[in-house]
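Engineer: For reference, the chains in residue letters:
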Amino acid sequence: LSAALEREWRRFTPAERIGRFVVYFCVVAAVVASLRTVEVIPEFLYDAPEQIGDMLRRMWPVAWQHYPEGVHAPLVDSLHIATLGTVLAVLMAVPVAFLAAKNVTPQPALNYLAKLVLVAARSVNTLIWALFFVAVFGPGSLAGTLAIAFHSIGFTGKLLGEALEESNRGTIEALDINTKVHMVADEDHSDMFEPIFDKYVVDERTAQAVIRAAQDSLAIDRAYRSALATAMSEISEKAA
Amino acid sequence: VARTGSNRSAFPPDWWARGAWLLLLVYLLYAASHLELTPARFAAGLEHGAKFLARLFPPDFRRWELLVKGMVESLQIAIVASALGTLLSLPLALLAARNLMPVWASWPARAVMVVCRSFHPVIVAILFVKAVGFGALAGILALTVASVGFLGKLMTEAIEEISLKQVEAVRATGAPFASVVTYAVVPQVFSRFVGFASYETDANLRNSTMIGIVGAGGIGGTLFAAFQRFDFDFVCAIVLTIIALIMAGEVLTVQVKKAFKA
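Chains as they are written, first to last, in this note's numbering: chain A, 1 to 240; chain B, 241 to 502.
Accuracy of the hints is not assured; some may be wrong.
[Claimed, not checked] Quick look at which bits of chain B chain A covers, simulated, 3 or more residues with Cβ under 8 Å:
1. 262–273
2. 313–323
3. 373–382
4. 483–491
[As the list claims (entries may be wrong)] Some chain A residues judged to face chain B by a derived CB distance under 7 Å, without partners named:
5. Ala30
6. Val38
7. Glu39
8. Gln51
9. Gly53
10. Met55
11. Leu56
12. Phe137
The set of hints was computed from the structure by calculation and includes no laboratory data. We put the beta carbon where it would ideally sit given N, CA and C, even for glycine.
With these hints in hand, go ahead and build the complete structure from the sequences.
Structural biologist: Right, dumping it as structure tokens:
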């Protein structure tokens, strides 16, 4: 017992502790190095309270007379840029996200290509995209809209791709099966249902319950339902 | 027997939703009309774009000293701002957590975070350029403010989600508040805090390459100057370097998170 009491318990393995120490060390080293070398002009800092006071004094009172001719139109433009940029980003991100999701596109090469596109779009800041589109289309909202759209592809596509990869397999399977049932029903092979229901449906009440459940379940179209109902009524007549 | 041939559709038309989509479409068309995108402009734009791309390549790394100086300054701004922001947001997040603090303490702390978060870092940088002049200090202060706003919010939420059972257990031993925080709160949130801090460092790295455009230090100033002088090959060199740095930052973030995954 004494050996067990004297044993030193540790929360982390030596490898984990070394890993953490390396991170701590690098962080401290980076901060110290940055603080020692960054160019800060102390004179500007001493002057700061005065400058802030000056700025606040000149900020007040608010000059609302500039709003109608100077602020309103750009503000509305900003709103348009935001909405149009978002819509464009989503439209462009959807195909890339589908290519990036491993379960939708089982092609590693395409996955990597799509992920590279997403990372690149994200890494280029909105302002750099804006510089690019201003050079192409000239100053104006068009450049802004495209800049927002192209930058947003990165994040929208990343999130959408991850959501696709995490999507529930069961739902997809259910829709798959449903499609197959549709194909069978469309070809009027209603007799194919018989073995299924012979097995599960024992009396008329159960038959009706199953039909109701089938009718109420999602995404069952009319052809499927009538085929199912015909088959069911035949079965239940037989059973009666 | 059954209700054969029911006409009920599995997807009944939702006229309200269709109306809303229609309104959205009308608004988008109206907004798009503000863009003044004409076929002529599009064609001219493609031509300009081709010329622009042709001038971007090959990237010109001959002025690499300027490039390295700017990048190093951006890196310094990002590191110092992230460290300061993390240090400041730790006590602020503790104050703002409603499960540990009374309302009169959490409310002002939350107000500080909301104010810090309400403006884009570039706008905050403009204010600090006025306050402390051009240079890295304005950038550091601007990004610190942004970090406090963002990290504070995330950390507060993390603290509010902890299990209070451990807090209660430590309190029951008669521990003072500081011990409750160090032994009951910090162990529950530490690895998440590391994740937040590394994410914020990543975000600061992205922003520190941009705030130079308004004179707050870093590579942004060099980039904007090169752009205005039409040195597009140098612009390309700068942009490629920024992308490389940010990708390296993303890889590093993943590694740090891996080291602290517990």
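Engineer: Compare the structure with each hint and give your call.
Structural biologist: So, going through the hints one by one against the coordinates:
1. Counting residues of the region 262–273 of chain B whose CB lies closer than 8 Å to any CB of chain A gives 4, so the stated coverage by that chain holds, three being the minimum.
2. Against chain A, the region 313–323 of chain B contributes 7 residues with a C-beta closer than 8 Å to a partner C-beta. That satisfies the three-residue criterion, and the hint holds.
3. Requiring three or more residues with a Cβ within less than 8 Å of a Cβ of chain A, the coverage given for the region 373–382 of chain B holds, as 5 such residues are present.
4. A stretch counts as covered by a chain when three or more of its residues have a beta carbon under 8 Å from one of that chain; for the region 483–491 of chain B and chain A the count is 4, and the coverage holds.
5. Hint status for A:Ala30: holds, given a least beta-carbon distance of 5 Å to chain B, under 7 Å.
6. This hint holds: A:Val38 has a C-beta 4 Å from the nearest C-beta of chain B, less than the 7 Å allowed.
7. Because the smallest distance between the Cβ of A:Glu39 and any Cβ of chain B comes to about 6 Å, under 7 Å, the interface hint for this residue holds.
8. A hinted interface residue such as A:Gln51 counts as satisfied when its beta carbon comes closer than 7 Å to some beta carbon of chain B; here the least separation is about 5 Å, so the hint holds.
9. Interface hint status for A:Gly53: violated, as the beta-carbon distance to the closest one in chain B is roughly 10 Å, over 7 Å.
10. Against a cut-off of 7 Å between C-beta atoms, the interface hint on A:Met55 holds, since the closest Cβ of chain B lies about 5 Å away.
11. For A:Leu56, the suggested interface contact is broken, since its CB lies about 10 Å from the closest CB of chain B, more than 7 Å.
12. Restraint check, A:Phe137 versus chain B: the minimum CB separation of about 4 Å is within 7 Å; hint holds.
Violated hints for the displayed structure, listed by number in ascending order: 9 and 11.
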